[in-house]
Structure formats: structure tokens, C-alpha cells
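A.B. asks: Residue-level listing of the chains:
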Amino acid sequence: MAESTTVKKKRVGYKLLVEPRLNPPPGWYPLVVSIGAIVFGLFLGGILIAFAGGDPIRSYQHIAKASFGDIGVLSDTLVKATPIMLTALACAVAFRMKLWNIGAEGQFIMGAFAASAIVLTPVLSAETPRWLFITVMILAGMAGGAFWGFIPGYLKAKLNVNEIITTLMMNYIAVAWVNFWIFGVWSEGGFQMSPKFPETAWLPRLLDYAKSLPSLRGLTTHGGILIAISVAIILWMVLNRSRWGYEIRLIGDNPQAAKYAGINIQKNIIYVMMLSGALAGLGGMSEVTGVIHRLQTSPLAAGYGFTGIIVAWLAKLNPLVIIPVSILFGALILAGREIQPSGVPKMIQGIILVSLIASDFLLRYRIRIVRVEA
Amino acid sequence: MDPIIILQAGVATGTVLLFATIGEIFAERSGVMNLGVEGMMLIGAMTAFSTTIATGNPWLGVFAAMLAAGLLSQIHAFITITLQADQVVSGLALTFLGIGISLVLGEGLSKAGTVSLLPSFSIPVLSQIPILGPIFFTKQNVLVYIGYVFIPLAWFYINRTRPGMHLRAVGEYPSAADALGINVFKQRYLYVFVGGLLAGLAGATISLAVSPGWFSELTTAGQGWIAVGLVIFAQWDPVRAAFGAYAFGALRRLILDIQGPTILLGLANPFYYNPYWGFFLQMLPYAFTIIVLVIGSREAIRKRIGAPAALGIPYIRGERGK
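If you read the protein sequences in the order shown, they are chains U and R. Its first residue numbered 96, the first sequence is counted upward by one per residue in this note's numbering. Its first residue numbered 130, the second sequence is counted upward by one per residue in this note's numbering.
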């Protein structure tokens, strides 16, 4: 076109124009961007799998089939999703206040430890009715996690000690602490695990009801998933419908304004860290009483606390969105056990998180391609 | 339980933390906090080990490790500097990514056997000095000696040279630096890259010198995070970082050695007769990191010194602010 209007040749080029958004993008936009980021992450992950000598398409097919293929594996997916859901909720409430609790892993383990202590000390005898047993263990698990969250929270509030490092260091301490008990005091015949819990201390599982409903046979989904979903709903209400939730969100968005509004930030740091720890601890309690049925480090310290961070971020810290996202990640972890090389699920989680963070840029900025004539 | 041997080994082990901590000091001095040190170190350790197996040349391994970790750091640089995302989350993501990639690419490396390692030697005259000679200059790895030279160089570069002044300016007051014609974005990319190079070197120090081999995630075992903690204790000063790094190295060695003898301080050694008490020893480096952070934070409050003023804040040109 340029040639027809002018005698001299004009160079026509295209330029990327990046400008800040003045208005928030439409409601569907963040969802599309997030899904796009996940797809992009899976694509990149596929390239890396191929680079390491694997077959990306078969790996992904395997993940889909091994996690949602039939009712049995779907049930296993929900079992894996339960601890992730609770640690993700723990991270979400802390992150909402820009409190970087990276210690959900350790708080999860301490929750499991405290709940196990009820059985192993023993605080309650094996003849205790199940409802009482479970209630006491829930309280103990939450207390254990809350205590592990209190320490970094207190240090942050009173001495301004960086909570990222302290919570992370306490993860390692928690693992060593539990190892001390299961290698020594509570070791079953020299093995690195405690004796099995009495059945009165197990969370009810679907297969327990197989007598009256035969189709439930073999399904290991346990009561923890109900606890996790209820916690998600309660947390959503607390964050979005209560005064405390408003304070948490205000401190996260604008600590200066929160201070002028008379909100006690120090107190809230300690409370939120304790709440966050308690939720992670509840996750640990649900894992020992619902799945492992004994205290043992290796299946406990499997990285649920870290996956929780990714899930919380992926769900944009919304407790209700955490429910489906946890189930997706539960699937990824469940199927990942059989995939070679074994690091694949971890790597894919990392790539998804990276592309997700990068994609946030698209929510804040508008990118336009404009034609420039020079 | 010979204190000289513990300190000697501590200096060697501490060299890992030394490189990683000083690397992070460079990045943070420019205003970018990179929590991905653990991931970058792991990538470095894996790359160094596998490259050395493939080529037989450990120096090539060191070079590849630094390059690989440096490249990984640029993901963080792009996300936080160009895309202005939160540095904490991006750094965490980088750790996950680094761990994941090194587990996938390092699959099977643990059974790869032994490789030719970097040389260790004694320095002729200096090793004769009483006490200091055996600790610092006897049968140390070449990377340990490089570390000694590196500490004063890093200090001098940051505090006494013009590029070092630009580095500090960018981290303290980027808009003023920008007004003076310093390219803030370029500087930050550069020093995040430097941090990556040094984290990669730290990883190579583990897998080719201090505790040779590839043990998946246990290769680093959280040392990257300890390095991030040490930066705060060191108050962003390479010389203080060196003291912290060597002290931590000695502590790690002491923990190993304390479980050996049957008699400790004239008493029956509980760690020998009940090995599970050793788990309390394992907690020590992590507990000490917390204690060191508390000390550092208290001192920072008292002396009113603190992090680089622009640490963690993305620089957006044309926006009002620091």
C-alpha cells in the first residue's frame, strides 16, 4: 500500500506496545490467562521430558489415565488431594497477608506428630470411642502445627526476623524431631516407624461402609477430604465476610493504611501464622489417621507443604478455587509415582508455577501490536 | 575430634556457603532478592558432576555449572525485572524449577561412579604457619583457595570501585541512579546473573570437591537456604559472610565427628550409644541459622542498618518513588 501513495518507499514495521491497564480486565480474562499459563507450562515440561529421554505424550496420557481413569484411581486422587488442600489453605491465609509461610511442610509434620502422640504416649487408650479419639487428635494436630507457626510468627512480629528463612529452617528441624521419635522412642522393632494405630484412631474411609454399599469396596478416600472442604468454605467466609478477614486482607494490600486504621499488625502476624500452622497441622493429622495409620517420616515429608504453596498461588489465594486445583495436583502426584524419570512431577510443578507468575504480567499490562511507519 | 581437623574441614565445607552467600549479596545489593539459590546450587552440582563424567575434565564441569545456574537465574531476572512480578514468589518458583530439572536430568547420576575431581594441594610456605597453616593452607581444594582470594576482591569491588558504586546505587535509590545515566535494568540483570554464576560454583564445589557425587536433593540439603539466611546475618558484607560461612562449615563437620568417639568430655558419648540422639545434632545448622538471623535482625534494628533500600521492589521507570 505504501508504494501506491508515495513515490519513496516507506518502511513499514510492527512494534509491540506495552501499556499499563487503566481498568481491570474482564472477569473471564484471569481464568483464560491462568489456563494458558498451565498449558504453556505443560508444553515446556514436555520439551524437557523429551530432552531427558522420555516420551512427553505418553507421560501426560499416563497421568490422565492413572488419576481419573476409573472410580478407584479417582478415589486415590482424592486421597492425595486432601493433604495438598489443607496445606494450600494454610499457605493461602498467610500469603493473603503477604506473610511468606514456607513452613507448611514442617507444620504439617508437627501436626502429624502431635496427633500421633495422643495414640503413642498414650494419652487416650485404644478403647476410646472413635468420635472422641478423632476429636482429640484433630485438636492436637492443629495445636502442633499452630505451635510450629507461632515461633516464626513471634520472631517476625517482635524482632522483624525474616519469616521465609525461619519457616524453612523449621521444616528441617521438624523432620529431625519426628525421626528422633520413630527411630528411638516409638520405633517398632527397630524399624523407622511407630506401631500401627488402633482402628478407633483411624478416620473413617469409604471402604468401611462396603458392607452396606458394595460399590464402595476398595475405595480409600477418607474423612479428611470432608474436613478439608469444610475448612475451605469456612476460610473463604472468614477471609471475605468477617472483620478479621478484612483486616488480614488490608494488611496484605496496604500495611500503611492498616496501621493508620488502628489494626494491630504485630498481633495479626502471630495469629495468622498460628492459624496457617494449625491448618497445615490438621493436614498432617488427617494424613496419619486417614492414610498412613502410623507415624513415619518418609510418606509424611513428601513435599505436600511445598505443593501447597504452588496450589495456593495457582488458585490466586481463593480458598474455594483451592479445592479443584488441589484435586488436579493430587492427580499429578499420584500418577507421577510411576513416571520415569522420577523428578518429572516436581519439575512440571516448578514450570507451571514459573509460567503462572510470568502470566500475571498480562493482567496488569496490555500488549498491543501497532504498525509504525518510519 | 581434633579441633584443627574440624576447622580444616569446616573451611572446605564452608566454601560452598561462601560462594552462594556472596553471590546472593551481589544480587541483593542491586535490589533483587533471589530465593532460588537452593535450586541454582542443585542445578550447578548436577551439571558439574554430569559434565565431568562426560568430558573427564572437572574444570569444564565447573564452567558448565556456573553457566547453567547463571542461565536459570535469568528466568528470575526476566520475571522480576522485566515483568515486575513479586520476587519472593518468583524465587520460590525458581527453587522448585531448579530442583525439578536437576532431578530429571540427574536421573541415574548417583550410580555413575567416581569422576576425576578438582585437585587439592598444600601451599608451600604458608602451610608451615602454626595453627593457621594446617587449617587454611594444608591439603585444601583449589576452590577453597579461590575462595580466600575472592572474599577481599568482592569486598573491594562492592565498596571501592566505580562499578561497585553503581551496583549499590541501583539497590539503594534506583530512580536517582537512572537519572545519572546508569541503566538500572541492565545492572540488575547483570548482578542476578553474577549471583547465579556463584550459586552454580557453590554447587560445583559440593559435587566436585567437598562431598563428591550426586545425591539428588540431599546434595545441597538446604544449604542454599542457609546462604540466603547468612546474607542477612552478614549485613550484605562479603567479609562478614565469610566468617559466617566458615563457622557453619565447621559446625557441619563437628556434627559428623561428635558421633564417632565412645567417650565425650569424659562421659559415655550419648550420640554413640543411642544413635537416634544424633537427630538433635542434625537440627543444629538449621537452628543456628534461626539464631543467627535473630542476632542479625537485632543488630540491624540497633545500628539502624538494613537491607538495600530498594530490595524487593521492582523498578518501574517513570513512576514516583524511591
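Treat the hints with caution; some may be incorrect.
Below, a list of computed lysine-lysine pairs in the BS3-like style, where the Cα atoms sit at most 30 Å apart [what the hints assert, rightly or not]: (1) U:LYS110 <-> R:LYS432; (2) U:LYS193 <-> U:LYS110; (3) U:LYS193 <-> U:LYS362; (4) R:LYS432 <-> U:LYS362; (5) R:LYS315 <-> U:LYS253.
Label pairs and their calculated CB-CB ranges [claimed, not checked]: (6) U:PRO224 <-> R:LEU394: 47 to 57 Å; (7) R:GLY447 <-> U:ILE130: 30 to 40 Å; (8) U:TYR109 <-> R:TYR286: 18 to 28 Å; (9) U:LEU137 <-> R:ILE134: 32 to 42 Å.
No lab work stands behind these hints, which were simulated from the structure alone. In this text the structure is predicted, and so the values were computed from the model without any measurement. Where a beta carbon is used, it is the ideal one built from N, C-alpha and C, also for glycine.
A.B. asks: Evaluate each hint against the coordinates.
C.D. replies: Now for the hints, and whether the structure bears them out:
Restraint check for LYS110 of chain U and LYS432 of chain R: not satisfied, since their Cα atoms lie roughly 50 Å apart, outside the 30 Å limit. For a cut-off of 30 Å, the pair hint linking LYS193 of chain U to LYS110 of chain U is broken: about 36 Å separates their Cα positions. Pair hint LYS193 of chain U plus LYS362 of chain U holds up; C-alpha atoms about 15 Å apart against a cutoff of 30 Å. Distance restraint check for LYS432 of chain R and LYS362 of chain U: the Cα-Cα separation of roughly 25 Å lies within the 30 Å cut-off, and the hinted pair is therefore satisfied.
The suggested pairing of LYS315 of chain R with LYS253 of chain U is violated, with an alpha-carbon distance near 37 Å, which exceeds 30 Å. A hinted range of 47 to 57 Å holds for the C-beta pair PRO224 of chain U and LEU394 of chain R, which are about 51 Å apart. For the pair GLY447 of chain R and ILE130 of chain U, the supplied restraint of 30 to 40 Å holds, since their beta-carbon distance comes to about 33 Å. One distance hint, 18 to 28 Å for the beta-carbon pair TYR109 of chain U and TYR286 of chain R, is violated here, with the actual separation near 42 Å.
For the hinted restraint 32 to 42 Å between LEU137 of chain U and ILE134 of chain R, the CB-CB distance of approximately 51 Å leaves it violated.
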